[in-house]
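Full structure from sequences and hints, please.
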Amino acid sequence: MTAVQPVTDATASVIVPPAQRRRRGTRPRWWLYVVLTLGVIAMIMPFVWMILGSFKTTTEIRQYPTEFLPRDATLDNYTELFGRLDFATYFTNSVVVAVAVTLGNIVFSSMVGYALAKLDFAGKKLLFGLVLVTLMVPGVVTFVPLFVLTANLGLVNTYPGLILPFLITPLGVFLMRQFMLSLPDDIIEAARIDGASEWRIFLRVIMPLCGPAVATLTILTFLGSWNNFLWPLVVATTEDKYTLPVALALYSVGQNAAEYGLMMAGAVVVIVPVLIVFVLLQRFFVQGIALTGIK
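Numbering (UniProt numbering) for the sequence shown: 1 to 295.
It should be emphasised that the hints constitute simulated quantities derived from the structure, not laboratory data. We treat Cβ as the ideally placed atom computed from N, Cα and C, and that holds for glycine. Be aware that one or more of the hints could be misleading.
Computed beta-carbon distance windows for the label pairs [to be verified]:
| # | residue 1 | residue 2 | range |
| --- | --- | --- | --- |
| 1 | Ala-190 | Leu-32 | 45 to 51 Å |
| 2 | Pro-208 | Phe-108 | 40 to 46 Å |
| 3 | Ile-44 | Lys-124 | 43 to 49 Å |
| 4 | Thr-58 | Leu-209 | 51 to 57 Å |
| 5 | Leu-149 | Tyr-64 | 50 to 56 Å |
| 6 | Pro-184 | Thr-142 | 44 to 50 Å |
| 7 | Tyr-159 | Pro-46 | 29 to 35 Å |
| 8 | Gly-211 | Leu-75 | 25 to 31 Å |
| 9 | Ala-122 | Pro-46 | 34 to 40 Å |
What follows is the structure, given as structure tokens:
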């Protein structure tokens, strides 16, 4: 049995009573909660105002003094949005492009990331260096050559023209490689000893372990594609290929800029799918960000 050591004067002098420890730990947290609460209110207030404004008439939005809650809530803005502006077509285009780009990034970025993380071949470091270089190059720099290539292939104003240039991104390759580096090589070697091919190892062993990284890549890619404005603005030349950001931006100029209720309803429609994807995958998103070291 271990003997109980008597409490010396020096040790007793550093022992802090529980009540005092609670006071020391509570005071800074209380101020932290106040600051965080104010920050959250400042961040979500524009979104709350936008959602409430989408249920107001333009006259009610313009009145002064402004009322926070809608006096007579109405769905006229949403009815007009999907009637006069054909937002259903724009919404469908955005869904098709964002889903296709996200699936393409998951497939191709995972394949390239696996090769860079777990396979040995000549020029591997050089290839990864090129990925890092392209990661640092602004997208605007490659915009004109990319459009010329798309036009020469006859893909202007088509779904492939909107989707193909973004099926794989340097950020997706980097994220998947960094996550796969954390996976132990022993499971791959064991699968090879059992006679599994590289494709089988990739599909049956590696990908089931990449849930957090795939969730992170899904959110980042879907968000980027859904909010992409410049490329669809240039490539889509007719309204039947417009995406939601393009349609909303083109409608919010000129005489239509005064219809605030309609624009707020359109903005709500634009952000709802992004919020749904984030809510469904947020647990994996935080884990994936932590494991891949992306800050």
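We went through each hint and held it up to the structure:
Restraint check, Ala-190 to Leu-32: a C-beta distance of roughly 47 Å satisfies the suggested window 45 to 51 Å. Range check, Pro-208 to Phe-108: about 18 Å between beta-carbon atoms, so the 40 to 46 Å window is missed. For the pair Ile-44 and Lys-124, the supplied restraint of 43 to 49 Å holds, since their beta-carbon distance comes to about 45 Å. Against the hinted window of 51 to 57 Å, the Cβ-Cβ separation of Thr-58 and Leu-209 comes to about 53 Å, which satisfies the hint.
Our hint of 50 to 56 Å for Leu-149 and Tyr-64 holds, since their Cβ atoms are close to 52 Å apart. Range check, Pro-184 to Thr-142: Cβ separation about 37 Å, and the 44 to 50 Å hint is violated. At roughly 33 Å, the beta carbons of Tyr-159 and Pro-46 sit within the given window of 29 to 35 Å. As the Cβ distance of Gly-211 to Leu-75 is approximately 39 Å, the hint placing it in 25 to 31 Å is violated.
Remark: the range hint 34 to 40 Å for Ala-122 to Pro-46 is contradicted by a beta-carbon distance near 52 Å.
Of the hints listed earlier, those the structure fails to meet are numbers 2, 6, 8, 9, in rising order.
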